[in-house]
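For the record, the sequence lines run as chains G and H.
Going by our numbering, the letters in the first sequence line up with residues 1 to 448, in that order.
Going by our numbering, the letters in the second sequence line up with residues 1 to 448, in that order.
Simulated from the structure, these hints should not be mistaken for laboratory data.
Do not take every clue at face value.
Since the list can't tell identical chains apart, any single copy or any two copies may satisfy a pair.
[To be verified] SDA-like mimics (lysine to any residue), calculated; alpha carbons at most 25 Å apart, straight line: (1) Lys-179 to Val-404; (2) Lys-311 to Thr-153; (3) Lys-179 to Pro-427; (4) Lys-179 to Gly-405.
Residue-level listing of the chains:
Protein chains: 2
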Amino acid sequence: MTPSAHYRCFAGCAGSYPLEQILYRCPSCGGLLEVAHDTDALRTRSAAEWRALFDARWRSLDEPYGSGVWGKHEWVMPTLAREHVVSLGEGGTHLTRIPRYAAALGLGDVRVKQCGTSHSGSFKDLGMTVLVSMVKQIIARGQPIRAIACASTGDTSAALAAYAAAAGVRAVVILPRGKISTAQLVQPLAMGALVLALDTDFDGCMAIVQQLAERDGVYLANSMNSLRLEGQKTVAIELVQQLGWRVPDWVVIPGGNLGNVSALGAGFAQLRALGVIDRLPRICVAQAAHASPLVASYRRGWAPLEPVAAKPTLASAIQIGNPVSFPKAVAALRACDGVAEAVTEAELADASARADLDGLFTCPHTGVALAALAKLAARGEITRAHQVVVVSTASGLKFAEFKVGYHERTLAEVRAPAWRNSPVELPARYDAVRGALERGLATAPSRD
Amino acid sequence: MTPSAHYRCFAGCAGSYPLEQILYRCPSCGGLLEVAHDTDALRTRSAAEWRALFDARWRSLDEPYGSGVWGKHEWVMPTLAREHVVSLGEGGTHLTRIPRYAAALGLGDVRVKQCGTSHSGSFKDLGMTVLVSMVKQIIARGQPIRAIACASTGDTSAALAAYAAAAGVRAVVILPRGKISTAQLVQPLAMGALVLALDTDFDGCMAIVQQLAERDGVYLANSMNSLRLEGQKTVAIELVQQLGWRVPDWVVIPGGNLGNVSALGAGFAQLRALGVIDRLPRICVAQAAHASPLVASYRRGWAPLEPVAAKPTLASAIQIGNPVSFPKAVAALRACDGVAEAVTEAELADASARADLDGLFTCPHTGVALAALAKLAARGEITRAHQVVVVSTASGLKFAEFKVGYHERTLAEVRAPAWRNSPVELPARYDAVRGALERGLATAPSRD
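Extracted from the complex, chain G is given alone in its bound form (with noise of 0.2 Å):
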């Protein structure tokens, strides 16, 4: 049996529709599609076939297999063709340890899974791949697509860029004018995305643009998309497969349109099916307490979603009132008995920069899902008999000047940073130095 998949409605609607359909929300109720996978099919290969197929490609020579998506190709996209994959090498990032914030919490076995060391950057880049892919078997097989359009001004647009200049196809970004930035929008700018910006919000961005959709042969990257979300699961598949097919005790995972914590759940929920793991993970949702419906409904037993104006947050990839993949993620949260927390400004600030000591370069993002990490911790939820993994969703590097207003003390969100580090001026004495680098060595790194 050929492993197959198809899109159905996610809320249980009747209808199936192949992925090469141009289609992002259920005919029927307008609700979200998923992506469903013909199990049946995929266990002609047993649960100890797809583990050594797995290990044999991981991260192998063999193009697009060495791809942390495209090794398992079968789960995440079976109908495509290996010759239509667009692969920039994502995937396959490191499991770190960070031992001194994990003992400074009293857990012992958490790990970063460093999803930003990746092509343009951010965990984007492993949807993206997956959705670009299936745009240039959809135009090989005769569909006028002529572009690709999404309305971010961050993560996003940056990997839409990125893969549709590989595959020789046009990213186009829209958004409302005066409210962005050069700096915000150079990674698309530079990867030649052709980039609108509209007298209007985003709303109006959005109306405008699925008119181009219906009309002009651009396809739509925006959240609903499906497809991104079978290439983002492989951050489940991929830390099992790292902690030797075990699955951890707990995943904490930053979350803000949900979708990322919505593959996170499908992954394991496949590897189960599978018969690959025997139980599931518990997942903490981390959410920055500005923009926290999810916490919200988790307070009230998973009530339904009660979309907030969300507040500016250090976290801004995150700062989402009425996020699109709610429904999803909610039963992922349930599947696995998981959790929502929320946290402060300079509690996830602080939580970035602790952790950073242990020699990484945290975004605010991957703060929230370390500042939560503490907050379960505090509490006894998780403990050091657990194995933990936090996933990091992006590069440091993209958040610089976080990084220099907490160290410079300039964040008007953060008064006292706890962590923050600065250079000590000295005169050019040998005396005067050997005594500041005494006075160093004898206190903890960057205690201020």
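Since the structure of chain G is already known, use the hints to place chain H on it.
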């Protein structure tokens, strides 16, 4: 026979010294040391056996062999015990095709070795994992090293801070006061390095840091340190391995202090000495015209180094007028019929921007290499028949200001950027947006 290695004088003075000895220069002549491997011991494995071993370990899940550096353990640092390895998943970076850039130059198979997609964002990780691991071993064997120091403002200090933090050893960065900003130092500061800013110039800093090394248990991670080159040479081994153990015709690499090309040459020499390859690629060292003493030497038949006062360049990490590794670089280039080429500020910036249109986000140093490639192609030295690898040294995310300045046309060095891209501002009307879309799709990306 167990493989072994030791220090010896690069200029040929008698004597050999264990790698665990704290030694930075030849005790006889004060010149460069090199790490000499016991090639006879390494020959107890055949070339085919080495290829098979390296392929089995390539990015393996068996840590630390999944590291690009430690997968080549016996060739890199055979006397280092596995338990002392400090790895952050360095190496194994993608070899990315840039077909449109290549075609525009009239070339064929051109790939970029993405050394910047790494833990701290540059190729310096490859060398620093070796140096810090050796320091860990030296400490474990009872020598009182209390900290590792360097005098870099850039990628070296970031890599040192990361690996030292991971090893639990303190990093010390010593710099002239007032010549550096928090932004330049934000990686080492965040990772807990002790940063000492002295009221003197770089030479004054070096004088004091040498006293600390002699008297106060500080190990120097400076440019003369030969251990780092042993890690950096794995770029040569990796790119041959990624090409199916074929030798490319040309490798183009940016050069400042010239350690990186020295390491590249050492890697190819070792591959040939052990029969894994049967010829060397030609190497082109690319320099910014503002800092091009190697090019001057090349033009006079590899004449002795005449140090110059390097002028500021956008490729700031290679603004070096008196390169430490000049003798090693010239030897490597002579051995492979290598060349050196200089490029202007506008050339490096335009080449960087043009290659980005293939989906990269190149740093200015990579731009120097890409511009040199264009010059060698223009004069027919590199042709469509050649397979070419361009070594990219750092993540473009470290150079966001360079990118923004280019696309905003605010770089004084680049008055007429050829490949700039900027947002198109529009009213929020479907017809206006569709018109802009049509115009945008009708033209090649970003030609101003």
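Have a look at Lys-179 and Pro-427 and pick one of within, between, both or neither, based on CA distance no larger than 25 Å. Between copies only: 15 Å across, 46 Å inside.
Which holds for Lys-179 with Val-404 at a C-alpha limit of 25 Å: within a copy, between copies, both or neither? both (23 Å within a copy, 16 Å between copies)
Cα distance capped at 25 Å. Does Lys-179 pair with Gly-405 within a copy, between copies, both, or neither? For Lys-179 and Gly-405, the Cα distance is within 25 Å both inside one copy (22 Å) and across copies (19 Å).
Alpha-carbon proximity between Lys-311 and Thr-153, which holds within one copy, between copies, both or neither at 25 Å: Within one copy only: 17 Å inside, 36 Å across.
Violation of the numbered hints given earlier is absent; every hint is satisfied by the structure.
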